[in-house]
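> We have chain A already, so just place chain B on it with the hints.
Protein chains: 2
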Amino acid sequence: MSFPSRVIAVDVMGADLGPGEIIKGVVDALCDGGDYRVILVGDRDIIRENLERQYGGDCSRLEIIHTSEVISMEEKPLQAFRTKKDASVVRAIELVQSGRASALLSCGNTGSLMAGSTLKLRPMEGVERPALATVMPTLNNYIVLLDVGANPNTTPLQMMHNAILGGDYCTRVLGIEKPRIGLLTIGTEEGKGNEVTLMAHEVLKKISDLIHYVGLIEGFQIFRGEVDVVVCDGFVGNILLKTLESLIVQLKAYIKEEFMKNPLRMLGAVLSKGVFAALRERLNPETYGAASLLGLNGVVLKSHGSSTHRAIRSAMKVAVSVAGQEATHTCHKKINLANEKIM
Amino acid sequence: MSFPSRVIAVDVMGADLGPGEIIKGVVDALCDGGDYRVILVGDRDIIRENLERQYGGDCSRLEIIHTSEVISMEEKPLQAFRTKKDASVVRAIELVQSGRASALLSCGNTGSLMAGSTLKLRPMEGVERPALATVMPTLNNYIVLLDVGANPNTTPLQMMHNAILGGDYCTRVLGIEKPRIGLLTIGTEEGKGNEVTLMAHEVLKKISDLIHYVGLIEGFQIFRGEVDVVVCDGFVGNILLKTLESLIVQLKAYIKEEFMKNPLRMLGAVLSKGVFAALRERLNPETYGAASLLGLNGVVLKSHGSSTHRAIRSAMKVAVSVAGQEATHTCHKKINLANEKIM
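Line by line, the protein sequences give chains A and B.
Each residue of the first sequence is one higher than the last, beginning at 1 in our numbering.
Each residue of the second sequence is one higher than the last, beginning at 1 in our numbering.
Looking at chain A on its own, in the form it has when it is part of the complex (with noise of 0.2 Å):
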């Protein structure tokens, strides 16, 4: 077949660094090559300016969807969400809700996106809410983290449900066959942890023939390579994956700083430098630029609102590995046993 069939929607509007940087890395992407088209949603007349400074040749790949309104970050998510009937998310959304896009990418507002998704594309069927679901980069292995803020007050039912979508997720995107899941709380001792978490811990072990449940685990065991999938709720989520996404950051900058100090210190940095972009390879919070949103009918992707064309470009390749895909089939079918097992 000439014409691919898997369609990636990208809302090109709302992002803090303008569409500019958006569409750079989706023509990045689109050059990398692929078997799949873009529709980028938004405002025609910037899209058009944009993709011709950056583009130029051939387009047969790209759509555009011209939409008038726009979500700003500040907005409040539901009250935009519902007025603004033609702005780029909500476009995007539906062309995910008709299924004529296979996925959708969007840097914008984080709670309309959400929200929106939520109403228009619903949740799978025995699933109660979504969860937001990052890669996230340990120095020895790749992890999927969940939820990172889709659902800040998670219930123990949908942390079950959080931990059956997050292993199916890094089968898909990690290749990991039989992912091991664990429950993020502060002492592996029973009893200790909050009340969510104990209970959570509890339904968990009630379903270990279903998933591959190693247990509960402390903040230190992330980054030690022992498990695949760490399951929170979206609290504490949120706010681990911003400290470390911001440490990160700032030790870079800080390591750059020290170096420049003096030339002896600069030429050891000449020397040395293959350690640096090691580290940072390593350690790029860029290298799987998107979120997931999990749980729902349809594909939904998040990218950080201040993603450079970089990050967009590797979002891009996430967003084509998932495409079509909400869950698998074993995914849905774990889901309503685990819902039998544990009502």
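Worth double-checking, as some hints may not be accurate.
To be verified - Within a straight-line C-alpha distance of at most 25 Å, the following computed DSS-like cross-link-like pairs (lysine-lysine) qualify:
1. 242/B with 76/B
2. 256/B with 252/A
3. 76/A with 242/B
4. 261/A with 252/B
5. 76/A with 192/B
6. 317/B with 192/A
7. 178/B with 205/B
8. 178/B with 317/B
9. 242/B with 242/A
Stated by the list, open to error - With beta-carbon atoms standing in for the labels, derived distance ranges:
10. 16/B with 100/A: 33 to 43 Å
11. 16/A with 141/B: 22 to 32 Å
12. 266/A with 63/B: 48 to 58 Å
13. 343/A with 140/B: 48 to 58 Å
14. 333/A with 178/B: 54 to 64 Å
Don't read these hints as lab results, they were simulated from the structure.
All C-beta atoms, glycine included, are put in the ideal place defined by N, C-alpha and C.
What follows is chain B alone, placed relative to chain A:
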């Protein structure tokens, strides 16, 4: 007066690296000078043997109190505390209770230390539960983070107490007169976060004449030097602290490994060793090797179970600086005023 009035009781038992490591740290701290004495609490024979090996000379500032029992890391905190009346940690708490010691430092079972201290020393007037506060290095400054694990189900009222206690501790330990206090959440827009944090935010706004409350902060703001005190519940704080400490350890190991990969890089490492010395110094969790249990009638400090003698040496400095003063008079007053405002 020739007899120092500050007395630090050190529980030398139950730590991961054994009593020798703790005793070495204490002896090193004593050699650094300072107007205080130390009571080593634990097995007399083990203490004497280690002292002879490491000290030899002047023991005039050291006293030993023999205890016959130890609470291990694996034991159930409250139960162990109740049955082992002659455990080192129990006796050490009693020394603070009776006024014989002006501070206590322990590296043993955290749960037993917290439960025991709370039962024997009781919370300060107006405070419901103690909070564990740690001084954490960022790249620009030092901050106080609390609660890091004393109370995984912190209520909004307890968070208010913790904000006041944390501010007071920040002034005493870091010398910051009017510390900027932030409440950790997942989005600074009004209405985002979990219920407890949103309620705590409302409470803290009401007492802004008593503390310098800067409002809600997100994870990425911790390392930007925007606040001096970060308040969060004990579940979030514990996970955050452990994850960050572990990331730093892993990063160091990774960088070292990468530098050893070829001779050029090794030369680079030699030339730029100042960079890593600076980084190590900056991010060394051992710089302030102890967390304080705030809000009790008595000074209780906790060091990591795996503390090295270097960590103990710095922990002793913290202990000496806060010995005898569980909170300032102003802090007591603020707690009462805040309670009146809220009730």
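> All hints are to be evaluated individually against the structure, with a verdict given for each.
A quick look at each hint next to the structure:
1. Restraint check for residue 242/B and residue 76/B: satisfied, since their Cα atoms lie roughly 21 Å apart, inside the 25 Å limit.
2. For the proposed pair residue 256/B and residue 252/A, the alpha carbon gap of about 16 Å is at most 25 Å, so the pair holds.
3. Distance check on the hinted pair: residue 76/A and residue 242/B sit about 34 Å apart at the alpha-carbon level, beyond 25 Å; violated.
4. Taken as a hint, the residue 261/A and residue 252/B pair is honoured in the structure, with Cα atoms around 21 Å apart against an allowance of 25 Å.
5. The suggested pairing of residue 76/A with residue 192/B holds, with an alpha-carbon distance near 10 Å, which does not exceed 25 Å.
6. Among the hinted pairs, residue 317/B with residue 192/A is inconsistent with the structure: their alpha-carbon atoms are about 31 Å apart, more than 25 Å.
7. About 16 Å separates the Cα atoms of residue 178/B and residue 205/B, which keeps this hinted pair within 25 Å; it holds.
8. Annotation: proposed proximity of residue 178/B to residue 317/B holds, straight-line Cα distance about 23 Å (limit 25 Å).
9. For a cut-off of 25 Å, the pair hint linking residue 242/B to residue 242/A stands: about 15 Å separates their Cα positions.
10. Judged by the Cβ atoms, the range 33 to 43 Å given for residue 16/B and residue 100/A is violated: they are separated by roughly 59 Å.
11. Distance hint check: the CB atoms of residue 16/A and residue 141/B are about 26 Å apart, consistent with the given range 22 to 32 Å.
12. For residue 266/A paired with residue 63/B, a C-beta distance near 54 Å keeps the hint of 48 to 58 Å intact.
13. The hinted range of 48 to 58 Å is satisfied by residue 343/A and residue 140/B, whose Cβ atoms lie roughly 51 Å apart.
14. Hint check: residue 333/A to residue 178/B, Cβ distance near 59 Å, so the stated range 54 to 64 Å holds.
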